[in-house]
Amino acid sequence: MRNALIYLAVLSLLATACVQRLHRTVAPPDALNTVDRTAPFLKVHMDDGTLYVFSTWASNDAEELVTGSGTHYGVDRQVIGEGVFSLTLRDIALFETNLARPSPSVAALAVITGISAAVTVYCAMNTKACFGSCPTFYVTDGERELLQAEGFSASIAPRLEARDVDHLYRARTHGSNLQVHMVNEAYETHVVRYVNLLAVPRAGDHRVFQDDSGNFWYTTPPLAPSSCQVPEGDCASAVLAFDGQERWTEADSTDLAARETIDLLFDVGLEAPALLVASRQSLLPTYLLYQAFAYLGTSLGQWLATFERADGAAFDATRSVVEALGGIDVLVQGSDGGWDTVTTILETGPLAADVRLVPLPVSEGPVRVRLSMAKGAWRIDWFALTSIQGRAEPVRIQPSDVFARGRPAADARAKLSNAEDALVTFPGDRYTIMYRLPGDAQDYELFLESQGYYLEWMREEWVAEEDPARAAAFFLDPAGSLRRLAPEFKKVEAQLDSAFWRSKYAGF
Amino acid sequence: MRASSWRATPALALVLGCAACAANPAPRGWLSPPAQSQADPYGAWIVLSTSVDLSLSGEFLAVEDDSIFVLLTDGAVQGIPMHSILQARIAWYDSQWRELSLWTFLGSISTISHGFGMILSFPVWVIGGSVAAGGQSRAPLRGVDLPSGWDVVRPYARFPGGLPPNLPPTLPPKSYR
Numbered sequence: 000m001r002n003a004l005i006y007l008a009v010l011s012l013l014a015t016a017c018v019q020r021l022h023r024t025v026a027p028p029d030a031l032n033t034v035d036r037t038a039p040f041l042k043v044h045m046d047d048g049t050l051y052v053f054s055t056w057a058s059n060d061a062e063e064l065v066t067g068s069g070t071h072y073g074v075d076r077q078v079i080g081e082g083v084f085s086l087t088l089r090d091i092a093l094f095e096t097n098l099a100r101p102s103p104s105v106a107a108l109a110v111i112t113g114i115s116a117a118v119t120v121y122c123a124m125n126t127k128a129c130f131g132s133c134p135t136f137y138v139t140d141g142e143r144e145l146l147q148a149e150g151f152s153a154s155i156a157p158r159l160e161a162r163d164v165d166h167l168y169r170a171r172t173h174g175s176n177l178q179v180h181m182v183n184e185a186y187e188t189h190v191v192r193y194v195n196l197l198a199v200p201r202a203g204d205h206r207v208f209q210d211d212s213g214n215f216w217y218t219t220p221p222l223a224p225s226s227c228q229v230p231e232g233d234c235a236s237a238v239l240a241f242d243g244q245e246r247w248t249e250a251d252s253t254d255l256a257a258r259e260t261i262d263l264l265f266d267v268g269l270e271a272p273a274l275l276v277a278s279r280q281s282l283l284p285t286y287l288l289y290q291a292f293a294y295l296g297t298s299l300g301q302w303l304a305t306f307e308r309a310d311g312a313a314f315d316a317t318r319s320v321v322e323a324l325g326g327i328d329v330l331v332q333g334s335d336g337g338w339d340t341v342t343t344i345l346e347t348g349p350l351a352a353d354v355r356l357v358p359l360p361v362s363e364g365p366v367r368v369r370l371s372m373a374k375g376a377w378r379i380d381w382f383a384l385t386s387i388q389g390r391a392e393p394v395r396i397q398p399s400d401v402f403a404r405g406r407p408a409a410d411a412r413a414k415l416s417n418a419e420d421a422l423v424t425f426p427g428d429r430y431t432i433m434y435r436l437p438g439d440a441q442d443y444e445l446f447l448e449s450q451g452y453y454l455e456w457m458r459e460e461w462v463a464e465e466d467p468a469r470a471a472a473f474f475l476d477p478a479g480s481l482r483r484l485a486p487e488f489k490k491v492e493a494q495l496d497s498a499f500w501r502s503k504y505a506g507f
Numbered sequence: 000m001r002a003s004s005w006r007a008t009p010a011l012a013l014v015l016g017c018a019a020c021a022a023n024p025a026p027r028g029w030l031s032p033p034a035q036s037q038a039d040p041y042g043a044w045i046v047l048s049t050s051v052d053l054s055l056s057g058e059f060l061a062v063e064d065d066s067i068f069v070l071l072t073d074g075a076v077q078g079i080p081m082h083s084i085l086q087a088r089i090a091w092y093d094s095q096w097r098e099l100s101l102w103t104f105l106g107s108i109s110t111i112s113h114g115f116g117m118i119l120s121f122p123v124w125v126i127g128g129s130v131a132a133g134g135q136s137r138a139p140l141r142g143v144d145l146p147s148g149w150d151v152v153r154p155y156a157r158f159p160g161g162l163p164p165n166l167p168p169t170l171p172p173k174s175y176r
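Chains as they are written, first to last, in numbering that gives the first Met the number 0: chain A, 0 to 507; chain H, 0 to 176.
Just chain H, with the same shape it has in the complex (with noise of 0.2 Å):
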């Protein structure tokens, strides 16, 4: 390894820790980490595409026999039929990932101690890395296998029994940092 490349390490490093790696798709801090996460009172982030519009997101509330029903960031109860809904996906707490990745990249710069090893241990904690935060960065991640999926994302809605009776067409929208 030249000096120029030597030099390069870090940032090959933290790209290909990172390149397995599925981004999370609801805004950031609105999902809480696993153990916040075990009491949260509210639904996953849903992001659906639509053949009315191209891309719709917001807090997941429920799956009727027909439509599913989304709180807009706007604190607007919307409905979506199901029929009309070409891609879904669910995000249901932050996985954390991006500790995998930093652990990740101070490991693999830690094999600059390893001397002429570093040929064999740089590779394994770039690959191992990047499986272990690739699969972690999947984990709270679920796709909707369409048409007939939701049933299996249905316990990650609000109201995973149902939409309740007498539902307000708004509702506040989950506050988050």
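The following block holds chain A by itself, in its conformation from the complex (with noise of 0.2 Å):
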């Protein structure tokens, strides 16, 4: 790709410099003044059809003479002679100009060039901000195919395969057919082992959420908070339904890991409190993410290698730069007026929100809850309390037909249903994926379970930043590394999300 734009950029300026059109000019030779005066050369043909060239010439009205200096030819186009030649009008037939200009099709090329450019630097400048995503998977909110989950973000490495669940909790589509689009929209390559639909049968009113350990559990209707303390104000609005509109803030500008707090008040008691919070993780653990790949540029490889080889240290490594930056801490208030944690949400992913229920200690009168998390590191959708009201199982549905591109892919369903087959995807790859309900959808709260892995596609421009010692500063001492990368990603984070999202290999 380097090779092309420098190609493409030396193209440019000797097709400027070399690419022209010429304008041609006759004139008889008593119109001798309206000659272009600015071309290089005059050609002069004469009654007998031979012809002058001059470079340089002149003329004489008194005398009816033009004076040039340049090159005889013959009718036959031999050279006759050079020098200075004297012509009489009454000899000349004609007189002739010749100018080259620059051809508008070059302006036009160069516009899009300078555009197109500017894209590229931009591109080039921002690779952190590379759309990264695995399986992304979207399914109707009634409306329009809506992003809703995203498969093992956290699995980038065979050994780091995992099973992943995600609550379709804005799924709403009728009859007994579910459709699920699964999409490999970055340069990558995932390696999918199964996408089967998890349905709980819903009773009343009560939805089913899933908490950190996996359970489902059937719920009372959710309430809003009364009050959502963040420190620049009230973020009661932005987080009162889960509808795409999210609380998020900036990173810190010296320590990536600086932490702040969510107060949520409830101005209720329950018999079985729980608390839902939809989330996703923002662009910053990302954008980490690439900076670790690109410290370790062309090691990558046999950095990879070592951590499939189990070597504990590096696996260790790499979660303590993941604990450096936290999840989102969940704390109660205690009887002492302190602040107990009750669990920490770690859903990892920048795509798609999804929703988390987390059971809290039964107390009299209001519900208080304060959430410690990196500034910047993560974007609430949704807050809301309920009163669990006993456990959910789930029905397992794997695929009914699997779709590549419109076409029945049997091959790709028989692999998605093979726990010891994977569907391997790449680049622009899509599948529509169909589940049949033993009822009717909307009798049914949905997730979707996928397990896997996927790897990331090299960047070149990741490797220009190779640098083994930055590399093993960020795992060595990973809060060392959030304070140094902070100056650096706070130049990025305004872009940052406006460049991801426009990075897409291909969209949905």
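It should be emphasised that the hints constitute simulated quantities derived from the structure, not laboratory data.
Because the structure is a prediction, the values reported are computed rather than measured.
All residues carry an ideal CB built from backbone N, CA and C; glycine is no exception.
Wrong hints could be hidden among the right ones.
[To be verified] Pair ranges (Cβ atoms, derived):
1) Ile126(H) <-> Asp29(A): 46 to 56 Å
2) Ala34(H) <-> Ala468(A): 46 to 56 Å
3) Ser362(A) <-> Leu119(H): 36 to 46 Å
4) Arg435(A) <-> Arg97(H): 35 to 45 Å
[Said to hold, decoys possible] Covered by chain H, according to a simulated footprint, are these stretches of chain A (three or more residues, beta-carbon under 8 Å):
5) 74-88
6) 135-143
7) 379-388
[Said to hold, decoys possible] Partial list, derived from the structure: chain H residues whose beta carbon lies under 10 Å from chain A:
8) Tyr41
9) Leu85
10) Tyr92
11) Glu98
12) Thr103
13) Ser112
14) Val123
15) Ala131
16) Ala132
17) Gly134
18) Arg153
19) Pro159
20) Gly161
21) Leu162
22) Leu170
Can you join these two chains into the complex? Each is in its own frame, and there are hints to help.
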């Protein structure tokens, strides 16, 4: 790619200078004063068929003479002589001039090149914002196909292959068939072991949510917080519903691990309270991952191989970076007024928000919850309080049909149905997976269960930042690295989101 | 875009980038680029379709009242009656449109670096580039609006003032690489 860009730049310059259009003008002998004197050559066609090509010339109107320096050609266009010649107008058939001018086609292409190069440079300068996604899953919300889940986002190597369950909270479909579009939208290779649907029959107005242990629970209708206090004021309006409107702040300018708190107040007392949190990561963790890849550069493959050989140190080093940034700590106020940690939410992925249920200790009166997280690392879509009613058991449904770009893909279906096999997808691949539910989809709470891993494609721009010393520091001193990288991250933070979504390899 | 179609992108860019271009009828190398053509003493390349011969081409020598004169590649000066000419077209310099096509091709390839933006930038390159290269390829071509349109192309003949007296029946053809 870099070579193509260099060739493009060189060719653009050469073409701008060389690709021209020619404009010819002829004039009879008595119209000598109309001849374009800016033309580099004057061609004088004589009545006898010979031709003079002058590079410099002058006219004497009084004597009706044209004098010039150049070449005299015969009718056969062989050179008769070179030098200074004086010609009388009565022997001349006509004058001819030719002017080479820059082609307007070059101007048009130069404009396109300028804009295109600006986009290329922008993308190259924001390489940590390149779209990375793991498999994305689109399901209709009743109006459009909505990005509702991303599978196994943390599984960036075979050893990290993991199962992931995402709540299709906003899926709205009729009938007993559900259609899920699985897309590879980034420069990645996805190895998808399976994609199943977990369906839990709804009971009345009770919705079903999943906790961090993977258990499903029937709950009462969610209640909105009466207050949501953040450093910048009240955030209740932003977290009122799971609607895509999110609460988010920028990262700290000196330490990317610097934390902030959100204080929630639910002015009710419930029998078995539980907090509902719909959230996704910001692009900060993605930036850090790509920065780590950049520091590792050409040794990334070796590092991944070490990782695959079950080197415990490498595994721990990776985890230490994740732990330094942390997740969303959920705390409740104890009887002594202090804050006790209930759990930490670590839902990975910057694309699709997922809902988690966090059981809270039973307390009398209003429920106060504090959330603590790294500034700028999380986007919160929804907070609500609910009461757990009882355990729910999902029905696991395997794909009934799989289509690749509208055509039946039995092979893909077979791979997704066999846990020993896996479907491998490449940038731009898109599958439509069909599921047959036991009844009408509206009567079920739906979750998507996927397992697999993915491999990021190394970007040429990243290798340029290869720095073994900084790579070592990144893993050995993650807290220090998060401080050192803060100024660098702040330079690109404002454009990160738009650059990220723009850099998708293929869109759905 | 699938990986397979991603691999087809260069070929697609090349094909579309040249799709709107008009072929120059002159033998390759016979015409000079604009800068050199300013001092070229020869006439344009002409291609004629006549009712006698299917196609005839050579250096455009002159337009007379009832005939067109062409220097054939074997050096013979050939007069063709105007009334027998069905179609005529000249090319008078090398437009170098291939450079623009290559420019378009490389530009199209460079949009791979635009990520999702390629969906917009790739067609802009292909359409803009093919229009630009097509326009450049047609710039040195002139068609003759028969039967009376010869005055338009007369300035591109070797003898724009008309055939000189005592012109030999054969002339050395223009040498070219």
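**Item:** Assertion that chain H covers the stretch 74-88 of chain A - criterion: three or more residues, beta-carbon distance below 8 Å
**Value:** Satisfied; 4 residues make the cut.
**Prompt:** How about alanine 131(H): closest beta carbon in chain A under 10 Å, or not?
**Reply:** Since the shortest Cβ distance to chain A is 4 Å, the answer is holds.
**Request:** Answer holds if the nearest beta-carbon of chain A is closer than 10 Å to that of alanine 132(H); otherwise answer violated.
**Result:** Hint on alanine 132(H): holds, closest Cβ of chain A at ~7 Å, below 10 Å.
**Asked** Regarding alanine 34(H) and alanine 468(A), is the given constraint of 46 to 56 Å on their beta-carbon distance met?
**Response** At roughly 54 Å between Cβ atoms, alanine 468(A) and alanine 34(H) fall inside 46 to 56 Å, so the hint holds.
**Prompt:** serine 362(A) and leucine 119(H), beta-carbon distance inside 36 to 46 Å?
**Reply:** With a Cβ separation near 55 Å, serine 362(A) and leucine 119(H) fall outside 36 to 46 Å, so the hint is violated.
**Item:** Verdict on chain H covering the stretch 379-388 of chain A, criterion of 3 CB contacts below 8 Å
**Value:** violated (count 0)
**Request:** Double-check glycine 161(H) for me: the hint is only fine if its C-beta lies closer than 10 Å to a C-beta in chain A.
**Result:** Hint on glycine 161(H): holds, closest Cβ of chain A at ~7 Å, below 10 Å.
**Cβ distance range 35 to 45 Å for arginine 435(A) and arginine 97(H), holds or violated** = 57 Å Cβ-Cβ, so the 35 to 45 Å window is violated.
**Asked** Measuring from the C-beta of leucine 162(H) to each C-beta in chain A, is the shortest one below 10 Å?
**Response** holds (8 Å)
**Prompt:** Going by Cβ atoms only, is valine 123(H) closer than 10 Å to chain A?
**Reply:** holds (6 Å)
**Prompt:** Taking 10 Å as the limit, does the beta-carbon of threonine 103(H) come near enough to a beta-carbon in chain A?
**Reply:** holds (7 Å)
**Message:** Holds or violated: the hint that glycine 134(H) contacts chain A, with Cβ atoms closer than 10 Å.
**Reply:** holds (5 Å)
Against the hints set out earlier in the document, violations occur for numbers 3, 4, 6, 7 and 9.
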